[in-house]
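As they're listed, the protein sequences go chains A and B. Quick note: to get the numbering used here, add 156 to the position in the first sequence (first position is 1). Quick note: to get the numbering used here, add 156 to the position in the second sequence (first position is 1).
Hints may contain errors.
Since the list gives no way to pick one copy over another, a pair counts as held whenever it fits inside one copy or between any two copies.
Using 30 Å as the maximum straight-line C-alpha spacing, the simulated BS3-like pairs for lysine-lysine come out as follows [unchecked claim]:
id: 1; residue 1: Lys489; residue 2: Lys214
id: 2; residue 1: Lys248; residue 2: Lys507
id: 3; residue 1: Lys401; residue 2: Lys283
id: 4; residue 1: Lys217; residue 2: Lys503
id: 5; residue 1: Lys490; residue 2: Lys241
id: 6; residue 1: Lys422; residue 2: Lys241
id: 7; residue 1: Lys450; residue 2: Lys203
id: 8; residue 1: Lys248; residue 2: Lys509
id: 9; residue 1: Lys363; residue 2: Lys509
id: 10; residue 1: Lys214; residue 2: Lys248
id: 11; residue 1: Lys178; residue 2: Lys519
id: 12; residue 1: Lys450; residue 2: Lys363
id: 13; residue 1: Lys440; residue 2: Lys178
id: 14; residue 1: Lys450; residue 2: Lys210
id: 15; residue 1: Lys401; residue 2: Lys412
id: 16; residue 1: Lys288; residue 2: Lys520
id: 17; residue 1: Lys248; residue 2: Lys203
Keep in mind that the hints were calculated from the coordinates and are not lab data.
Residues per chain, in single letters:
There are 2 protein chains.
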Amino acid sequence: MMNKNITDVKGFTCWGAHSGVKSMRRDLAIIFSERPCVASATYTTNKVVAEPLKLTRKHLKDKKAQVLICNAGNANACTGIQGRKGAEAMAKTAAKLLGLKNEDVIVASTGLIGEPFPTEDIVGGIKENIPKLTNRREAGSFAANAILTTDTFAKEGFSEMMLDGINVTMAGIAKGSGMIHPNMATMLAFIVSDVNIDPDILDETVKECVDDTFNMITVDGDTSTNDMVAVMCNGMADNPVINSKEQASYLIFRSKLRELMLHLAKLIVSDGEGSSKFIEYTVKNARDRNTAKKLVRAISSSVLVKTAMFGRDPNWGRIVCASGNAGVHFNYKKADLFMGDTEHLVKVLDKGKPVEYDRNFVKKLLREAHIRVIMDVNSGNAQMTGYGSDLTTDYVLFNSVYTT
Amino acid sequence: MMNKNITDVKGFTCWGAHSGVKSMRRDLAIIFSERPCVASATYTTNKVVAEPLKLTRKHLKDKKAQVLICNAGNANACTGIQGRKGAEAMAKTAAKLLGLKNEDVIVASTGLIGEPFPTEDIVGGIKENIPKLTNRREAGSFAANAILTTDTFAKEGFSEMMLDGINVTMAGIAKGSGMIHPNMATMLAFIVSDVNIDPDILDETVKECVDDTFNMITVDGDTSTNDMVAVMCNGMADNPVINSKEQASYLIFRSKLRELMLHLAKLIVSDGEGSSKFIEYTVKNARDRNTAKKLVRAISSSVLVKTAMFGRDPNWGRIVCASGNAGVHFNYKKADLFMGDTEHLVKVLDKGKPVEYDRNFVKKLLREAHIRVIMDVNSGNAQMTGYGSDLTTDYVLFNSVYTT
C-alpha cells in the first residue's frame, strides 16, 4: 500500500524516468496538470543563478503554469549560452508535446555546476516520457526519486483539508542537501494542489510560508545556485475561490501549506549528509520575529555550536556567543537556555547565569537523534523555530574527498 | 640569542607570570610604559562583550593609558557584577602600585566564559608581579606566553623605522584561535611603540590597519566576546610628532603598523587548531574595496570551500557559489580563478568557463602548507587579500570533545 502523493491531487499526472544524465538512476521528473494552474515560486538568494531559474522566473511573470520539468545530475549553472539554450529546449519540447505555450513550463535542475548541459539526453528523455504521464500512484514515487542527487531517501508529503465544505488536496516532493557529489546543497520543492485560489494571494502565501519553513533550515549555511520552491494550483477542487486573507478558507489553506512545507523541510535536514542529529532551535519572547529569526539562524549555523552538538556538549557559552554575532539586539543577561531531547528539557542558563544541573543526564539526552535547544530571551513576544544538523567528522570527510 | 621584542621599545617594561588561574602555565601579562602613552583599541563586534572590554573602552575615552594587564584562563565574560568588580579590581590594583589613575589601565582577559572570575588569584598575581617589571628580553617572551590559551606557540613581532631621521621602534604580541578549551576563539593583540604621534591620528590608523589585517582572517567565522587589539605609544623616540596624514613619517608609520599587524594576524591563522593549511585568498579588480573584502570573507569562511581545501580539491564551483552568497555584486561570467602554492599558480576558470588543466599537478600543489587562491573579477580596480585555514576532521573532533 503506497501513501497518497501528487497523483492523488485532482487533475495532476506525473512521471519520473532515466534520461541518461545519471548512470542507472532516474534523473528526469515531469509533473503535469490537465488544466492551467496559478503558480508561484521562490528562488535562491545566491547572486549566481542557474539557467533554469532565470527561465522559470520569466515564465512565471504571468503567475501561470501547467507543467514542471526537473532534471537531476547537471545543475545547468555557470553554463552560459549553451546552458540557457538547454533550459529553453526543455521548456519548448515539453510545451510542444503538450500543446502549451513555452511560458507555461516551469524548469528546474540539480546536480554538478559548470559542466556542459546534456541538452540532447534531456530533450530525448522529455520526448520519451511525456506520453507516460499517469495518475497511477507509483508515478508519484518515480517523480520524487527522479529529482534526488545524493539524498538517501525520497521526500514526499500529502495533505487534505475541508474548505467551505469541499475536500481540497495538496501534495509535494523535495530534495535536499546531499553534498558529496554535486558542488552544493541544492534545495528543491515542488507542491501541487487542486485548490481554487487567487494568484496574488497564492504568491504572498508561498513567500511567507517558505520564509518560515525552508528558510529556517540550515545544513552548511550556503544557499545554492539552483534552490527553488514552486507551487502549482489548478483549481479543480472547485472550492469558492480564495481571494481574501479574511476568509476562513485562506487561513486553513495557509496553515496546511505551511505544515506541508515544514514537513518537507524537516525531511531535508534529516537527510543532511554526514550529520548524526536533527536539532530543533527555538528562540522565545524576542522583540520581534526578525530578531528571533536572526538569532535562530546564527545559532543553528554556528560551526562551534554544531561541533558541540556532535560532541553531546551542553556548551551554552557557544550558543550565547553565536547569539551575540547574530547582528540583532541580544542581552544574554535576560536569556534562559534549555536543552534536551523530545521528552525532557533541562535549564542550563537562568538570566545569563549558569544553572547547576545533572551534566551526565544532559549529556545522555544529547545522545538522542532529535535534540531541542530553546532560548528564552525575555524581551518581547516573538518566537521562531529553525532546524539544523550537527557538524561531524563524516561531514568533513564527505566534503573533502570529492574531486571536481 | 633572543629576537627583539617589547622590551626593546624605549620606555617599556613587561612581565609574564603564573597567578594560579591556569595550572602550571603563565597566565598573567603586564606591559608598562614609564611615560604616559597615547592609546587606541578596537573591540569585538559580538553583542556579548566581556567585562574587561567594557572597562577598557571607558578608560580609553581620553585616548591615554600607561599599563596593560591581561589574564588568561578566564574570559570574564557573562560574569555579571562579580566579573565587573573583578575587572575593576585588576585596574585598581595595578594603578595603585604604579601610582597611576585607574583610567590609565588597559584590562584584557581570555579563557573560559561564564565561570566566576577568580579575582583574588589575579589581584594577588598583579601585586606579586608588578615589582618584577623589567626590560630584560626574556620578560617579553614571558608576556607573550602568558596571554596564550590553547595556542601552540607564542606570537611576537618587532620592527623599526626611521622617521625624520630618528629611529622609532614597535613591537607586539598576539594570541589566536585555540578552540579546544575555551568556548571561543579569542583574538588579542597588544602593540607598543615609542613613536610620538597625535592620539586622533593613532586612533584612525589603528582602525584602518585592523580592518585590513586582523579583520581579514578567519578560522571559524565567529567573533569572540573578548577580541581586542590595543596599541600604546609613549613618544619617547622624540621624533617630530605625527599629526597629519600628509607627513611622510605618517605614511611610513602606517605601513609599518599594518605590516606588524599582518605578521601577527598570519601567525594566528597558522596556529588555527586542527587546521592543516594556511590559505591566502585574493580578490582582484573588484568594483571597490568593500566588494573585494566581502568576497574574500565569503570565500574564506565557506565551510564547503574549507573542506575542499582540506581534500586538496580545486573545486571552483564551491568558490563561485560562496562568492554568489557574499551579498555584493558578483558576475561569475567575468571571473578568472587561479589556484596554487606559493610558487605556482594554475588558471582553473576563465571568464566563468572551466579551463583544461593538469588536475594531478594542481592537486599536488594543494598538498602544500601554504595555498593561494586568486579570483580576478574583472570589474574594477580594488583588491583585498584575506587569510584562512582549512576545515579538517581534527577540527571537528577538537571542538566536539570539549565538555563545559
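- [ ] Could you tell me which of the numbered hints above are not met by this structure, giving the numbers in increasing order?
- [x] Violated: hints 3, 4, 6, 9, 13 and 16.
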